[in-house]
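Given the coordinates of chain A, assemble chain B onto it according to the supplied hints.
Order-wise, the sequence lines are chains A and B. Per my numbering, residue 9 is the first one in the first sequence, and the count goes up by one each step. Per my numbering, residue 100 is the first one in the second sequence, and the count goes up by one each step.
Treat the hints as calculated values from the structure; they're not laboratory data. Please read these numbers as outputs of a predicted model, since none were measured by experiment. Some hints here could point you the wrong way.
As the list claims (entries may be wrong) - Reference excerpt, derived from the structure (chain A facing chain B, CB under 8 Å, subset only):
hint	residue
1	H79
2	F87
3	H95
4	M108
5	P156
6	Y254
7	F351
Said to hold, decoys possible - Have a look at the derived ranges for each label pair, beta carbon to beta carbon:
hint	chain 1	residue 1	chain 2	residue 2	range
8	A	R134	B	L307	52 to 62 Å
9	B	L436	A	V118	18 to 28 Å
10	B	L165	A	E201	50 to 60 Å
11	B	L165	A	R307	34 to 44 Å
12	A	G70	B	R547	44 to 54 Å
Each residue gets a CB set at the ideal place from its N, CA and C atoms; glycine is no exception.
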Amino acid sequence: MLEARGLTVRYGAVAALDGFGLTVPDARVVSVLGPSGCGKSTLLRVIAGLEPVEAGDVLWDGGSLSHVPPHRRGFGLMFQDYSLFPHLTVADNVAFGLRMAHLKGERLRVGVAEALDRVGLRGYERRSIGNLSGGEQQRVALARALAPAPRLLMLDEPLGALDRTLRERLVGELSGLFSELGLTAVYVTHDQEEAFSLADRVVIMRAGRVAQEGVPEEVWARPADEWVARFLGFANIVDAVVTDGYAQTAWGRFPVEAAAEAPGRARRDGPARLLLRTEALVPTADGALQGLVVSRVFRGGRYRVEIQVSPDVVLQMELGAEVTPGAGERVAFAVDPAGVVVF
Amino acid sequence: MGAYALAAIPLAYFVYLFLYPLASILWVSLVLEGRLDLRPFAEIVTRSSLRAAIWFSFWQATVSTLITMVVGLPAAYVFARYRFPGKGLMRAMVTIPFVLPAVVVSSAFVALLGPSGFLGLDLRHTVWAVLIAHVFYNYAVVVRTVGGLWAHLDPRIEDAARMLGAGRLRTFREVTFPLLRPALAAAASIVFLFTFTSFGVILILGGLRYATIEVEIYRQATSFLHLGLAAALAVVQLVGLTVILFVYNRYQERRSVELGLRAAVETERKPRTRGEHAFVWGTLGFTGVFLGVPLLVLVERSFRTTSGYGLGYYRALASTAGGSLFVPPVEALRNSLGFAVVATVVAVAVGLMSASVIAYRRDWSGRTLDLLIMLPLATSAVTIGLGFIVALDRPVDLRTSPWLIPLAHSLVAVPFVVRTALPVLRSVKGRLREAAAVLGAPPARVWREIDLPIVARSALVGAGFAFAISLGEFGATAFIARPDRPTVPIAIFRLLSRPGAVNSGQAMALSTVLMVVTALSIGLIERFRVGEAGEF
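Pulled out of the complex, with its shape left as it was, chain B reads as follows:
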């Protein structure tokens, strides 16, 4: 009975907050005033601006993915195979852009490439700004996913190839590359997935000239109040995403093929020759500059007021003097922190319940949840927001409720909580419990001494993820945030869309604050990570 209750809560959560809104989107896209109406889909086919959005989504995602893979591979190799001072810190730093909110990354690139930008050339509203921001954003995916597997590949396999007469390049092509292929495919899938549904970056850096499907859904729904068309676009995007996720899953399954993996510490070594030193430090230098400069420029801009360096923009956050917001930005910070706490509690609770069900129950309830859990990842943030708007007026009208935003955020965060907790729960399952039992621990004590401490740490990691996700969430929030209760990303977006140095300066200041808070919660993750659980 207890076990079924454990499964029932997350199941109800997913049905009400995810499946029901999704079904509503499908309904809205097909049915108008009680009758089947395929005009929205016809419009997608006939209107060139919509066709362009679909094409642009695929195009920019493909190009972003290719560039990210090529640029990220050397760093993946360096982090996987070389030992150098400050490696742990560097690795954590590389992850920061990936977890930063899209609006912060966009602010940084506005500061770097904007009209009065650091580089002095205005790349805003060009595809270059979008592509560079995407590479910046997803660099960590390649370094960590590919580097993660690379670090565990037995280097002696490569040595064996060398002994058999294969040169360096040949060894890479015929041995290393095929062994890495699952990780390469996984990394490429993730990058493609993220850039395909890119929203904030395109909206802010691409301007009106460029729109992905995601941006188009948002515009159709909020600017033109054309919910049918927005829903139809969401359905089209969902189909595309399902295909991508299917490919990703296929490769993830193959990844579990026995590769004779080694501990990472066994495969890394210090650079030896001059060439190796140059390569390692060159790659690290590039990584530092590429990932560090935009963020440093962002911080610099937040302090550079019209009357020299100072805290002017930060002070202005407390007032409505700028006039572009209904409330002072500091109010947005208070909102965001409140939402993030609620979202984190909900996400960790639902996530841990789901993970326990998946780990311990091998029947239909476990398998169904396992599948359900990952679906929000396959659904874009904007789709989730749209779904909330079209569905959650029944049975109770939640659309004006303050709970709506944290619930949407928790939905995005739950998959991360589950993915961090699941491997840990599974690893605790067998041997460690037996070892504890043999040492004299009764079952309840085993749970308290073994399961709980290990799972608690992973729950903390999941909480860090959830908190960071909630703080930075933009796509769904853009739909459902009420004008008088903005979150920080919404406030930053509004400030950035107004002209003037004061608005832009406040956006930089608020982005800096958001960046610091996000980095802190991610720092928590790195601190409490058990082994390599929670790698994506």
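Pulled out of the complex, with its shape left as it was, chain A reads as follows:
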């Protein structure tokens, strides 16, 4: 089990890590999700032992690693730019870690073959790194990191440089690999889809701190604050005053008795910010809430419709193909409290 406590790294005035903590239980995948520049790569470098910390400690099974150099930690790191050795062949790149673990002869050959098999690169042994495509390099980097069977595998935006279709396929393959090998892994990305589909737990990182932590479903259902909600792509965040289970806004009143609260926040009456998921806005034949359609975008099977509900509030709704008011039409809707989060 990996534990990181109070990690702090500063570059001049900027804190890349600011008291960051992280726990990765055995055979679990934890994804660290955050925008670029939030300190994700620094976190991995600190865990790997490549970056000194100002404060904090990294522990494995309860023992501090602060005096263990990178090559004795037994961790694997898949670099964002892959950092493959340009002077070695594919097989020699993959063999490198195994040789460091004193594997020789047949066992070495088998280890390389297995690692390459696992990433679907059988037959690439003698190819040189310069002649590989981006996707192939990514696989070599993964095979190289996996080959010595590290007790912790860290992946730094491993799919970042690849195109969307390839990325979607590889997410599936990685997910299969993780569970098949029972890997303990830290997966760093800025892509929430990758994080949610691969990880057992998600840590959302903002400016070197933990913004929220939890299982993917929980993080998705109840973002901790407005920043996390916006980072996850939620657009409808509005001002309201909550009294007796009802929210009063400039554009109408609706019940929020059954709404969720952000984690760690007690319900109380008064001014609040509300997150209205697109699925919380349900079109009705006659509703007190109304808006004017300002745009309509086809999203494959459904439409994303933007409606103006007051001079300065525009909400996004998802509508099925059967009921699709065009731009300029009025739309009546109700708010389903199950899709509301109160901050």
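Then chain B, alone, in the frame of chain A:
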């Protein structure tokens, strides 16, 4: 402590073999018998033949540069953007003239344009012979420097311009050309630099009618023993070169602007239309003929004796029968190989030490070396030879030592070793070491498994350069070689300056041998080049 020792050796090397001789030249140009004497500089201003040499240096360098750029650009484009069979081989062939010794190139053009030449018209001792030889020599600079950047420019930038309504020419003028400008300027600077200090080509092909500053320094020092004037000319030339190098450096710095470069394999494609096929193969055909014919004629001439084709001239290399040399030419070959081995060892050792200091030490020692290293490039070969002659009699008289020649050669070669090793050392620095460490390699093992193999290959590349440079070096050697211990280029020069078919035939044979040996050591470079390190 160890780190400072690492810096101290190359620093001492440069101070003693480069700065001290240079300072001596300045001293000799200004001081005669202990008193300030500006007469040499006054003479440069008043004597029309010296003014003419300065003017000719600039003129022929400018014209050579312009012609080389125009002639080389289509090939740069073809090599950058098209995929065709035999490309790697063709690219290596294009480089060969550039690395050939000046005397070999001159021999080839004597064979091609000489009195009993292949073309049947005698262009020797005309400016045309000089210009054509210069274009031949520097063609590769344009193809590789400009083509090198061109191959990495994202073609989609050009596509974007086309989509925005720019025609082909317009796209070139407004998009491609500005993006290429750093490489164009760099290539032009290099060609200008090389032709400005052209020595062997002018001496052999230009005859007595044409002299660059470089040739004039040599004549003043060796024919008229007028060291003060030679030194003053060297100072004038050094000032000119410094200006050129300054311009080159400025553009090199700008080159590091982020251009969103792509891998070369992503930008090249097969020619598609008939027009493209015609252009690609036409350009390649011209390149092949222009670069191939002079060398083929040289080889042909070396076998064509007065009594039909045969090995006569090669056999004659082993004897002094020609009588124009103190020693048989084969002796010169033995000398050259010996000197080249010593020069290579010294250049690689000093070069690698310097490169490590520059790459790892960010303090004054690294920066000073970085600057010092490139200075021999900015100094002409003849100046280096002159400097050795005027300076190296103290503290020990090295002037008659057999070490003098390989030391001079190593001085010319060190910048090439450093330039090949430096980018490699820098590239190894960060991530790759970390990757190895994470995979379980302790620091010593990282050095052995990552640094050493990569640097060793670049050291081998540097050694290839150094060996080729030493074999072909002519300008400095002309000053310091002793008559009884000539190198191959000196022997070729002497043979070429004697009349008669036997002498000229032996010169062709010896040039052919030198060409083959040089090509082999360059072949080694192409074989072991890591990525594109060592491009100039």
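*Numbered hints the structure breaks, given as an ascending list*: 6, 7, 9, 11, 12
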